[in-house]
Each structure stands twice: as C-alpha cells, then as structure tokens.
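*Asks:* Below are the chains, spelled out letter by letter.
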Amino acid sequence: MTKTVNNKAWFFVLPVFAIVAFSAVLPLMTVVNYSVQDTFGNNQFFWNGIGWFQELLDPSSQLGERFFDSLWRTLLFSAIILLIEVPLGIAVALAMPREGWTVALCLVLMALPLLIPWNVVGTIWQVFARGDIGLLGWIVNHLGIDYNYTGDPLDAWITIVVMDVWHWTSLIALLCYAGLKSIPDAYYQAARIDGASRWAVFRIIQLPKMRRVLLIAVLLRFMDSFMIYTEPFVLTGGGPGNATTFLSIDLVKLALGQFDLGKAAAMSLVYNLIILAICWVFYTVMTNVDAQRERIEA
Amino acid sequence: MARITLDHLAHAYKPDPRRAEDYALKEINHVWNQGGAYALLGPSGCGKTTLLNIISGLVRPTRGRVRFDDLDVTDLPTEARNIAQVFQFPVVYDTMTVRENLAFPLKNRHVPRDRTARRVEEIAHLLDLTRVLDRKASNLTADMKQKISLGRGLVRPDVAAILFDEPLTVIDPHLKWQLRSTLKEIHRALDITMIYVTHDQTEALTFADKVVVMHDGAVVQTGTPDELFERPAHTFVGHFIGSPGMNILPCRVEGASAFIGSERVALKRPYRPLVAERVELGIRPEFVQLQPKGVGLPVHVRRIDDIGRARIARVEMNGHPLAASVPDGISIEGDEASLVLDPRHVHIYANGHLVTDESAGGHAA
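Same order as they appear, the protein sequences are chains A and B.
Per the UniProt record's numbering, the first sequence starts with residue 1, numbered consecutively.
Per the UniProt record's numbering, the second sequence starts with residue 1, numbered consecutively.
Think of the hints as simulated: they come from the structure by calculation, not from any bench.
Worth double-checking, as some hints may not be accurate.
Computed far set for chain B versus chain A, every beta-carbon distance over 10 Å [stated by the list, open to error]:
#1 A20
#2 G64
#3 V220
#4 T222
#5 G223
#6 F287
#7 G334
#8 V340
#9 D342
#10 H353
Label-pair restraints from in silico Cβ distances [as the list claims (entries may be wrong)]:
#11 T141/B with F11/A: 42 to 52 Å
#12 Y188/A with R67/B: 24 to 34 Å
#13 I158/A with T169/B: 48 to 58 Å
#14 R67/B with L107/A: 16 to 26 Å
Beta carbons: idealized from backbone N, C-alpha and C, even for Gly.
Work the whole structure out from these sequences, hints included.
*Replies:* The structure is reproduced here in structure tokens:
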C-alpha cells in the first residue's frame, strides 16, 4: 500500500503550536527563568544556578523541610480521600436503582455536588461547619463533642476530608454505575444458576467489569486531590497553623505571600514533575491493561 | 432427573393483565419428558425466552405451576432448582481459569474438593477442554467460552435439565455444526433433558427429537421434525418451517375438492362443510410440481431459482404467489405453465388451524 505524503497539513496545525507556545511554553520558560535566579526587588535579578532546587530537595534546610511537610500532607490527604471515596463510591453505585423513574432522580441528585463551583463548595462548608451559626458545627457541639475546625488541626482535617468526600464521591459512584450498567443480565442469571453468593457476584463479575472505570476514577481523583487548592483555601486558608497547608496552598503562600519568586518557581517545577511522573505511571498502567485486553480479545 | 410439567402456565410482564394481548406467554400445558432433546422454535418475541426463564426460575409466572416430577418448584429460586442454563452470549468468569470456572458451581454448593476436581476433569474431557483447563477463561474463543458455560451446568451431578437460549448466535458458522454435534453427543452420553431455544429451524430440526413451535406467545404445535414438515398443525408452522415455506392459498372446500378461484384441486378425503371465516389450502413446495402448460392448474412463471440440490419456481396463480419444485429434465417455454399438486399432501386450514378428521365439522376454530 502506498501512502500519500503531503506535508501541507502541518500548516493547518501551525496555529495550535502558536497558541500553545503563548499559553504554555512561554509562561513555563518564565518559571524556569525565575527558578535559577534570586531577586531583592526593583526588578534586579541575580544568577543562582540550581541553588533553589538543592535547598528545596534538602530536608534539613528550612525550605526543604517546609516543602516535604506540604508534600507528605498532600499525599496523606490523597490517600485518605481515595481510601474513603473509592469503596464508598462503589457501594453507592451498587445501591443505586437499575431501572424505573428513580434512576433519573438518583443521577441528578448525584451529579449536583459535581456542578457546584469549587469556591462555593468551600464557602458552603465554611458556614455549615461553624460552631456558632453552622448547622453541622452547632449540632456537633451541642451533642457534647468539642469541635472547632478553625482551632483544632484534627477537626480541620476531618472537615476537609468530609467536604471532599461529599463533593467527589458521586463522581466515582457515577463512573462505577456506568461500568455496572454495561454488564449483561446473563452474567447475573448465570451466577444465580451457579449458586453464587452476593459477595461472589461482586468479586467475580462486578469488580472485574468495573476495573477500567475504577482505574480512571482513581486517576482523576488522585490528580484532583493532589492539586487541591480552592476548597481548603476557602475553608481553612491552610490553617490552623500549617495543618492543612497542601502543596498548592504552600506554593501560593511562597510566591504571592512572601514574593520568594525563585523558591516558588523551583517548587512549582518540582511539583509539576511529580504530577507528570505520577500521570505517566497511571498512563502506562492503563495502556498496559488495554493492551492485555486486546491480546485477550484477539 | 426429572420430568418437567408446565401446568396452566401463563405470564404477563404488565402488572395487571386482563386481555389475551397483555400476556407475553399465553396459557400453556406441556410435559417435558426426562432425557428428551427438545427445541423451542419460534420467531423473535414469541415468548420462547420467557418460557425458558420461567422453567429455570429467573422469572416467576403470573399464573400456573411448574413441577419437577411431583415437586412444585414455582416458588423456588433458581439456585434451588436442579437446572442449568446456557445463554445467548457466553458467560465466563473472566478472572478465573477454565478449571476454576468449571469448579465454581460445585464450590458454591460446598462439594468436597477432591470430588470437585475429579468431576471437573471428567466434564472437561467430555467437552474437549482438557488442553485449556489452566488457561484464563477470558483468553478463549466464543465457542470455547460457550462450552465452558455448558460445562458449568454439566458439572453439577444433580442437574436434571439444561436450557439453551439461542446458544450458537455468536459462534462462527463452521463451528456451529461442531458444537451442535457435541451437544448431541452429550445428550446421548448423559441422561439429561435438554431444551434448546432458537429461531433457526435448521438448528431446531437437527438438534431435537421433539420440536415445540411457538407463535405470538402460544404453542402452536409440538411434534417430531417429520410431523412438523408433513402435517403442520397451523399455517404459521407451515410457513415458518421449510425453505421455502408452505404455500397457503385461500380456497373453498366442497366434499373432496377444493376450489382456488375457479380451479379445482383434488383432496385426499372428503371434508364436511367448513364454517370458518378463513379457509385455506396448504401444500409444501416439495409436493407441487411445475409442468408444461395444460397438464394441471394454469400459472404464470415469475422466475426459477436454483438453490443447489433443487430448482424452485416462483409462480403466480390467480394473483397468489406460490413456490413449486421443478422436476429434473423439465424446461418451460415462455411464462405459461401448470402445476400438479400431490393430493396426499394437501392440507385444509380453517382460521389458520389444520382441519383434522375429528375437527372436520367446522368447530376447528
């Protein structure tokens, strides 16, 4: 078979390169530029080489300690919400009705939290959890539990985790529901004839069939939670102290609070690399699963 | 081992059925004998799968009872009936090996491990799956997967009947024959009742000893393949079975003669006067011979199809299309010809139902 070679097509793609250059490459180069320099204001810059990176990745330095603290906090947060949201999302998907008018109702109700702007979610929970006027905070306090998310680090964490679970579990549930809906009835009927228990049906039919959507759900939720900014920023502002200062919040504090442009630039590059690395791992895993599936089906 | 009795069974998917049309399955009484090979034949949407699901317990009938021997199982769940079902699309448990798939129903029934292992080997041997026992079930072709589905039914020693719901739909044509003969072999080897649902007459007629033909939610005829061919009890059976189907022509019956328009056709016996809205004459193309003009009933020849082992003429008589077989050595000049009908194979239908000796009084409908 001969292939027509026509390089004119590249001209049509050219505008995209131009836009990407302005929107991504140039700003990124600015950041790279900052990351190797130091400034004391007045637009005067001094060459610093890889100094910021060395400091950032050295846990014994002040900057390094701060960076790793934020990094562990962020990873811990991602781990906690994945551990809660994934099983909960699966459970919700399993409990959702399969047919009838309740399906539409459920889907709409489930989708509602996903449609709320993130800073509004933060504001809702900021008010909702307040001890004096918030419904949740007031009730919890009146039950005799000392709860104050602005003062107690654990309470702040619990509030942020619960908020995230409230906001995002339905995403996992909806994805899993789609996976469940694609399983033909014959599988359930065959399992009944084979005398399978409810748990066995879940383990051998539902879970394997949901594997693909679950992988996507976990990827989405991990990336989102690893980059979370708006909601905790509105809810706690990173406090009390630095208890809920995640990487993204720390980055903003460093860049726009202290105006340490060099340090912040180095930090954002490392942050970016971490995200890219994790993305790559997920992508590899997912394409491997696909390739395996194709081999099986071939 | 069981004889399956359907007693005044009917099913409607709507909650409050009143009229006959509300029923997906109209009242049916039938006995499936132990060890028989049955086919349930009918077009899509005629209620075959509903009937099958009622027998296996996946659907609870609106009315009537299902009995295995003398035990009423109508209210028993699927897993409590000794029945297995093979579905249209092969169901295998992807994460398990073939061996684990086959052992699964026994594991769920807490059969001791060594007995399970022996039984799995036996069934695998029977189905020619021994080679692939330790491979992942998801790795196999559709016909292999369908064998595994079947194996999961066979592996249970208590299974009295296996129900097949159009099991060859997704199988490659050249493997269909193979799988069907495997089924026949298994039926001979094991004393198991098999009920095979299909809309493909070839599958039904080659597989089954007895074929149950369904139409519009009701059983229209039960019989051996020969009976269905020779004496269709309903014009639907005549039309549905055979390729091409039976010729059905409106007619008028007087004694031992039928009149199609003004043309007279001889019948094998005299009929009493028929009181019915619709009286029709049915004859299979195999028993209608095309002859040169002037020998029999005059017809217009439309075209002649060569279908390999025979030639079929498409003709028109009084505006009614007919199919007729063309004997070897006959060639027709022009488009005028005539038909000769074999009186022994001419059947008379009143309102769609065959007029038999007993019913030949007009109360056929």
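*Asks:* Run the C-beta distances from H353/B to all of chain A and say if the shortest one exceeds 10 Å.
*Replies:* 36 Å, holds
*Asks:* Would A20/B pass as off the interface with chain A, using Cβ distances and a cut of 10 Å?
*Replies:* 26 Å, holds
*Asks:* Is the claim that F287/B lies outside the interface with chain A correct, judged by CB distances over 10 Å?
*Replies:* For F287/B, whose nearest Cβ neighbour in chain A is about 42 Å away, the distance exceeds 10 Å, so it holds.
*Asks:* Okay, R67/B versus L107/A on CB: inside 16 to 26 Å?
*Replies:* 43 Å, violated
*Asks:* Mind verifying the non-interface call on V340/B? Its CB should be farther than 10 Å from each CB in chain A.
*Replies:* 51 Å, holds
*Asks:* Over 10 Å to the closest beta carbon of chain A is the bar; see if V220/B clears it.
*Replies:* Per Cβ check, V220/B is outside 10 Å of chain A; nearest 27 Å; holds.
*Asks:* Examine each Cβ of chain A, and state whether all of them lie more than 10 Å from the Cβ of G223/B.
*Replies:* At about 29 Å from chain A, G223/B clears the 10 Å cut-off, so the statement holds.
*Asks:* Does the Cβ distance between T141/B and F11/A fall inside 42 to 52 Å?
*Replies:* 48 Å, holds
*Asks:* Confirm or reject: D342/B is not an interface residue toward chain A, with every Cβ-Cβ distance exceeding 10 Å.
*Replies:* The assertion about D342/B holds, with a minimum of 46 Å to chain A.
*Asks:* Using the Cβ atoms, figure out if Y188/A sits within 24 to 34 Å of R67/B.
*Replies:* 26 Å, holds
*Asks:* Closest CB-CB distance from G334/B to chain A, is it above 10 Å?
*Replies:* Fine: 52 Å to the nearest Cβ keeps G334/B off the interface.
*Asks:* Please check whether I158/A and T169/B have a Cβ separation lying inside 48 to 58 Å.
*Replies:* 54 Å, holds
When the structure is compared with the earlier hints, a violation turns up for hint 14 alone.
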